[in-house]
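Trainee: Same order as they appear, the protein sequences are chains G and E. In terms of this note's numbering, the first sequence is residues 1 to 68. In terms of this note's numbering, the second sequence is residues 1 to 135.
It is worth saying that the hints were derived from the structure and are not from the lab. All C-beta atoms in this analysis are idealised placements derived from N, C-alpha and C, irrespective of residue type, glycine included. Heads up, some of the hints might be wrong.
As the list claims (entries may be wrong) - For lysine to any residue, the following SDA-like pairs were computed, each having C-alpha atoms within a straight-line distance of at most 20 Å:
id, chain 1, residue 1, chain 2, residue 2
1, E, Lys25, E, Glu49
2, G, Lys35, E, Val80
3, E, Lys25, G, Ala47
4, E, Lys25, E, Asp60
5, E, Lys8, E, Gly82
6, E, Lys10, E, Pro61
7, G, Lys35, G, His22
8, G, Lys35, E, Ser70
9, G, Lys35, E, Glu83
10, G, Lys35, G, Ala47
11, E, Lys25, G, Lys35
12, E, Lys8, E, Glu49
13, G, Lys35, E, Lys8
14, G, Lys35, E, Thr27
15, G, Lys35, E, Gly51
16, E, Lys10, E, Gly51
17, G, Lys35, E, Asp71
18, G, Lys35, E, Asn81
19, G, Lys35, E, Trp72
20, G, Lys35, E, Lys10
21, G, Lys35, E, Glu96
22, E, Lys25, G, Leu60
23, G, Lys35, E, Met103
Stated by the list, open to error - Using C-beta positions, here's what the derived DEER-type ranges look like:
id, chain 1, residue 1, chain 2, residue 2, range
24, G, Ser67, E, Arg32, 30 to 40 Å
25, E, Met30, G, Glu16, 38 to 48 Å
26, G, Asp39, E, Gly34, 21 to 31 Å
27, E, Gly105, G, Ser56, 27 to 37 Å
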Amino acid sequence: MIAEALPGSEVQVLDETGSGDHLRAVVRAPQFAGKTRIDQHRMVRAAVQARMDDGSIHALSITTRPSR
Amino acid sequence: MAANPELKEKVEEVLRENRVLLFMKGTPEMPRCGFSMRVVGVLEQMGTEYGAIDVLPILDPLREVTGEISDWRTFPQLYVNGELVGGADIVEEMFESGELAEMLGVQQPDAAAAPAQPETPANPQQSPPLQVDGT
């Protein structure tokens with residue numbers, strides 16, 4: 001989902017509790033260049049919003065990094 | 001649901017009056033959420049003056065307000081100069097990288113790499129709870 005919304009990104013999703021609904025996404029994306037962290041997080045969150053809305057993801061921690 | 005305009009106006013006013021403002025669950029003395037506690041811990045280490053608003057008494061109306069103001073509905077939220085900086089993850093990252101110190105115009109504390117443990121709050125300025133008629 002995230003990779004579709006942010007072409008060229010590298011996404012790693014970690015299941016922090018083993019329950020599948022508390023996730024941490026570590027995302028590198030070229031689209032982050034020049035963006036503030038909060039904007040980067042907004043971009044990632046927007047990409048997964050549907051899964052938050054339907055409750056299949058309850059909590060998502062986001063870590064963003066600039067593209068390598 | 002649209003934000004209560006009266007509450008939104010109050011929030012904007014508080015944002016203008018506090019260069020550094022934290023929306024948190026609980027108070028700096030008694031945070032009621034681990035994420036809020038982490039941000040308080042960072043701010044205490046920075047030694048910067050900040051205002052704090054306990055969101056718990058009016059959680060849902062405030063979510064609507066911050067959703068409209070800054071497209072963000074979860075707390076804590078740290079604002080500097082009226083702009084949303086981020087929640088606990090972002091604040092900690094920016095603390096460790098030194099970006100937060102730069103943004104606040106303070107010296108990076110020596111123990112920056114240490115985990116943020118809230119000590120006795122140095123000088124928090126707890127705002128009175130926001131109240132709106134009919135809530």
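Trainee: Given the hint that E/Lys8 pairs with E/Gly82, test it: the Cα-Cα distance must not exceed 20 Å.
Mentor: Given that 20 Å is the threshold and the Cα spacing comes to 13 Å, the pair holds.
Trainee: Verify the proposed pairing of E/Lys8 with E/Glu49, using a straight-line Cα cut of 20 Å.
Mentor: This hinted pair is violated, its Cα atoms lying about 23 Å apart.
Trainee: Please verify whether G/Lys35 and E/Asn81 have alpha carbons no more than 20 Å apart.
Mentor: holds (18 Å)
Trainee: Measure nothing beyond the straight line between the CA atoms of G/Lys35 and E/Lys10; if it is 20 Å or shorter, mark the hint as holding.
Mentor: Violated, because 29 Å separates the two Cα atoms, which is more than 20 Å.
Trainee: Keeping to a limit of 20 Å between CA atoms, is the pair of G/Lys35 and E/Lys8 held or broken?
Mentor: violated (26 Å)
Trainee: For a C-alpha distance cap of 20 Å, please report whether G/Lys35 and E/Val80 respect it.
Mentor: Given that 20 Å is the threshold and the Cα spacing comes to 17 Å, the pair holds.
Trainee: Between the alpha carbons of E/Lys25 and G/Leu60, is the straight-line distance 20 Å or under?
Mentor: holds (18 Å)
Trainee: Check whether the Cα positions of G/Lys35 and E/Glu96 lie no farther apart than 20 Å.
Mentor: holds (19 Å)
Trainee: Given the hint that E/Lys25 pairs with E/Glu49, does the C-alpha gap stay at or below 20 Å?
Mentor: Holds. E/Lys25 to E/Glu49 sits at ~18 Å (cutoff 20 Å).
Trainee: Quick check on a hinted range of 30 to 40 Å for G/Ser67 and E/Arg32, using CB atoms only.
Mentor: Given a distance of about 38 Å, which is inside 30 to 40 Å, the answer is holds.
Trainee: Between the alpha carbons of E/Lys25 and G/Lys35, is the straight-line distance 20 Å or under?
Mentor: Measuring from Cα to Cα gives roughly 28 Å; hence the hint is violated.
Trainee: Keeping to a limit of 20 Å between CA atoms, is the pair of E/Lys25 and E/Asp60 held or broken?
Mentor: Holds. E/Lys25 to E/Asp60 sits at ~12 Å (cutoff 20 Å).
Going down the numbered hints, you'll see the structure goes against 3, 7, 11, 12, 13, 14, 15, 20, 25 and 27, while the others check out.
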